[in-house]
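Asker: In case you want the letters, here they are:
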Amino acid sequence: MTNKKIFSRHRSFERNMGAGYLFLAPALIFYSLFFVYPVLFSFTVSTKRWNMLIPLSRARNVGFSEYAYLLKDEMFLGVFKNTLLYAIITVSFTIIIALVLAVLINNAKFSVLWRFIYFAPVVTPQVAIGTIWGYLYRPSNGLLNSILGLFGFKPVYWLTDPNIALFSIMATAVWAGTGGSMLIITAGLKNIPQDYYDAARIDGAGPFKQFLHITVPLLSPTLLFLTATGFIGAWQVFDLPFTMGRNAPAKSVMTVSWYVYETAFQSLRMGRASAGAFLLFCVIFAFTLFILWIFKRGGIKGYE
Amino acid sequence: MRKSSIIFFVAILSLLSVAGLAKSKLIFAVHWSDYQVEGVKDENGNVKVKGLRQYVEEYQKLNPDIEIEIQSVPFDEYLKRILISHTSGVIADIYVLYSLWGVQLVDSGILDQVPKDIIEKIKSDFVRAAIDGATIDKAVWGVPVEVDNYALVYNKKLLQEAGFNQPPKTWEELVQMAPKLTKRNPDGTIAQYGFAFLSGWDSAVVHPYLALLYSNGGRFFTDDFTECLLTSKEAVEALEAQLKLFKNGATDPAASVWNFPAGKIAMMIMAPWYETSLKLGLKDQYEQTVGVAPIPYLKKPATTGYTWFIAVDSASKNKKAAWDFIRWMTLQNAGGFTRMGELMAKNIGAIPPNKMDIGFFKTELDDLYTSVFVKELDNTYQEPNVAQGQEIKTILMREIIEAWNGRKTAEKALSDAKTKIDKILAEFYK
Chain S
15 MTNKKIFSRH RSFERNMGAG YLFLAPALIF YSLFFVYPVL FSFTVSTKRW
65 NMLIPLSRAR NVGFSEYAYL LKDEMFLGVF KNTLLYAIIT VSFTIIIALV
115 LAVLINNAKF SVLWRFIYFA PVVTPQVAIG TIWGYLYRPS NGLLNSILGL
165 FGFKPVYWLT DPNIALFSIM ATAVWAGTGG SMLIITAGLK NIPQDYYDAA
215 RIDGAGPFKQ FLHITVPLLS PTLLFLTATG FIGAWQVFDL PFTMGRNAPA
265 KSVMTVSWYV YETAFQSLRM GRASAGAFLL FCVIFAFTLF ILWIFKRGGI
315 KGYE
Chain R
4 MRKSSIIFFV AILSLLSVAG LAKSKLIFAV HWSDYQVEGV KDENGNVKVK
54 GLRQYVEEYQ KLNPDIEIEI QSVPFDEYLK RILISHTSGV IADIYVLYSL
104 WGVQLVDSGI LDQVPKDIIE KIKSDFVRAA IDGATIDKAV WGVPVEVDNY
154 ALVYNKKLLQ EAGFNQPPKT WEELVQMAPK LTKRNPDGTI AQYGFAFLSG
204 WDSAVVHPYL ALLYSNGGRF FTDDFTECLL TSKEAVEALE AQLKLFKNGA
254 TDPAASVWNF PAGKIAMMIM APWYETSLKL GLKDQYEQTV GVAPIPYLKK
304 PATTGYTWFI AVDSASKNKK AAWDFIRWMT LQNAGGFTRM GELMAKNIGA
354 IPPNKMDIGF FKTELDDLYT SVFVKELDNT YQEPNVAQGQ EIKTILMREI
404 IEAWNGRKTA EKALSDAKTK IDKILAEFYK
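As you go down the protein sequences, you meet chains S and R in turn.
Using this note's numbering, the first residue of the first sequence is number 15, and each one after it goes up by one.
Using this note's numbering, the first residue of the second sequence is number 4, and each one after it goes up by one.
Among these hints, one or two may not hold up.
[Stated by the list, open to error] No farther apart than 20 Å at their CA atoms in a straight line, the calculated lysine to any residue pairs in the SDA-like style are these:
{"#": "1", "chain 1": "R", "residue 1": "Lys53", "chain 2": "R", "residue 2": "Gln74"}
{"#": "2", "chain 1": "R", "residue 1": "Lys83", "chain 2": "S", "residue 2": "Leu85"}
{"#": "3", "chain 1": "R", "residue 1": "Lys423", "chain 2": "S", "residue 2": "Asp253"}
{"#": "4", "chain 1": "R", "residue 1": "Lys423", "chain 2": "S", "residue 2": "Ala73"}
{"#": "5", "chain 1": "R", "residue 1": "Lys423", "chain 2": "S", "residue 2": "Ser154"}
{"#": "6", "chain 1": "S", "residue 1": "Lys168", "chain 2": "R", "residue 2": "Lys53"}
{"#": "7", "chain 1": "R", "residue 1": "Lys83", "chain 2": "S", "residue 2": "Ser281"}
{"#": "8", "chain 1": "S", "residue 1": "Lys265", "chain 2": "R", "residue 2": "Ala413"}
{"#": "9", "chain 1": "R", "residue 1": "Lys423", "chain 2": "S", "residue 2": "Arg63"}
{"#": "10", "chain 1": "S", "residue 1": "Lys168", "chain 2": "R", "residue 2": "Lys423"}
{"#": "11", "chain 1": "R", "residue 1": "Lys186", "chain 2": "S", "residue 2": "Ser154"}
{"#": "12", "chain 1": "S", "residue 1": "Lys62", "chain 2": "R", "residue 2": "Ala413"}
{"#": "13", "chain 1": "R", "residue 1": "Lys83", "chain 2": "S", "residue 2": "Ala73"}
{"#": "14", "chain 1": "S", "residue 1": "Lys168", "chain 2": "R", "residue 2": "Ile193"}
{"#": "15", "chain 1": "S", "residue 1": "Lys86", "chain 2": "R", "residue 2": "Ala413"}
Rather than coming from a laboratory, the hints here were simulated on the basis of the structure.
Excised from the complex, chain S in its bound form (with noise of 0.2 Å):
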């Protein structure tokens, strides 16, 4: 090949390059424009002492002492558990539902309708359904206090008692979001061959064996999509703990997002609140590359 082809084609590849690079621009300025920027000036802010109501520019530069206030305070550590609670039981009880419910619906009569009424939640807002379970959980002549009764048991305080509220917070959070993950599932089950099931049929294999061996395995990739964003939703979770569990004792209901909403616009400390929502960024992204990580050893592929 004589230099002057290699030029031309070295060229031609660079041409192609700038083209690539053209057609990546729509993509990189809106990422760049709407997470780059925000990233990187949240984190800008939570290195100083700002109210809003002064430029940036005059605010006091404190360094990383932001940080190392939320990570003593007790506060923020309180609310950390809470959240991280909160993020393990809905997601796994919000999965393990929607994934029998999608099993015992795919094949059942009238299955769309089904579908239709466990979907209904999920088109509702987040703080109607804080306010209609809100009325369910009222502890005098409230639903649930109600059947309680008939039963012979004491009623329950469930959105003041400080040991149970945020327990009845995610049992709406889970009955919430059942619906759109059974969904996701019912769409994973309509790519499982029958003929799997068939032959394990042949084999003598039951339903519980066929769950077991076909359904979940094969399920495997459209699970790890479902804790993945389950786990980044449930970890910036706000608006259910907000409007369900202001009654109760702040420290045993709020979750990290409200305590960032508080600190910004109640307390006017937009540095400390910055410093509290890039800690949680930094927690999401570890805590999703550890699903990953552990559903990749487990064989499972497909986000890397």
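Given the coordinates of chain S, work out where chain R should sit on it, guided by the hints.
Answerer: Quick look at chain R alone, frame taken from chain S:
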């Protein structure tokens, strides 16, 4: 394009810009609801009770060179609106501000200094509690427009049913009466509360406690704000006085003052602005049901209060026009009253802080509900204007709720609150 067309367009644009420049535009941010801004109207849309809009229109007619845009933001979003407007550079010229936010706004240079003539008028014409509310670091930063304090609101029918013809005068009497006014469901939950607090709202938790603290001769802070005094004997006793109601079963943390119109609350501590809701909720039963009395005291009669004041943004391009409007609205005699006083007394249902208005609107303020609040103005201790006031209030609320739930003793809750609050004070006052 023809030359004549170009000249025509240039002329039109010039006229429009001159017309635009001729008017000074003021943006007026308030936290009031629709009927408070637009006025109370009948079914044909005729204004029965004037709202802010009608006063603004009147002012604009008198001053054709001024245009006022009202921006109404719900209370929960109001502080956020101020913060975001300053970050984005689209500020309002005039604000109605909650006194607790004042320190931070003043320290950040957000508020314009009040003209001297207005300060003199405020000092001579307004009630003490309201002046205290608008005063930060010994300077007045706005004209008080609304003063709110607290009183005991009780259900006359429920008290009579239990054999009480009078409301309690002392806290001890209240503690004795409340269990007798409490009824329980068969499952043990409270069906009728002898006394109700409200857990989910900082003012509803902190203000009644502060009233008891002041009544017990205690103080929240030292005068120079270098120390929180919540571990004093008086402060601990005040919270223990509240806890007696939880211990004797007259209340629990699930109580809600909003159930009063449903006849499920015998006594509660409430502010003047709840009158309209009570009237709407109780309808023709209102007068037979609602009774108001001073908060039962520990050592001396006392209540707590807070103020809303009207102020001008220091970054406003039309400060003079803004203060002129405020003078006209809040200070100028409109026939024995001020326009803001009329708006407060007739529409918003709050106590106007101008003494002239209190004297003038006797019909509105001397009724069975508001009259007690007006009389109690003399015993009202203004919520302290301290730096990070909202953050401090939230901390105290959280600790009080811990005590209500039996998770901490009064002493421990207040000691924890003091530790956290002192750290904040050290940031700003040492």
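Asker: Hint by hint, note whether the structure agrees.
Answerer: These are the hints, each one checked on the structure:
no.: 1; hint: R:Lys53 x R:Gln74; in the structure: 17 Å, holds
no.: 2; hint: R:Lys83 x S:Leu85; in the structure: 27 Å, violated
no.: 3; hint: R:Lys423 x S:Asp253; in the structure: 27 Å, violated
no.: 4; hint: R:Lys423 x S:Ala73; in the structure: 23 Å, violated
no.: 5; hint: R:Lys423 x S:Ser154; in the structure: 36 Å, violated
no.: 6; hint: S:Lys168 x R:Lys53; in the structure: 52 Å, violated
no.: 7; hint: R:Lys83 x S:Ser281; in the structure: 11 Å, holds
no.: 8; hint: S:Lys265 x R:Ala413; in the structure: 17 Å, holds
no.: 9; hint: R:Lys423 x S:Arg63; in the structure: 18 Å, holds
no.: 10; hint: S:Lys168 x R:Lys423; in the structure: 37 Å, violated
no.: 11; hint: R:Lys186 x S:Ser154; in the structure: 12 Å, holds
no.: 12; hint: S:Lys62 x R:Ala413; in the structure: 36 Å, violated
no.: 13; hint: R:Lys83 x S:Ala73; in the structure: 19 Å, holds
no.: 14; hint: S:Lys168 x R:Ile193; in the structure: 13 Å, holds
no.: 15; hint: S:Lys86 x R:Ala413; in the structure: 25 Å, violated
Going through the hint list in order, the structure does not satisfy hints 2, 3, 4, 5, 6, 10, 12, 15.
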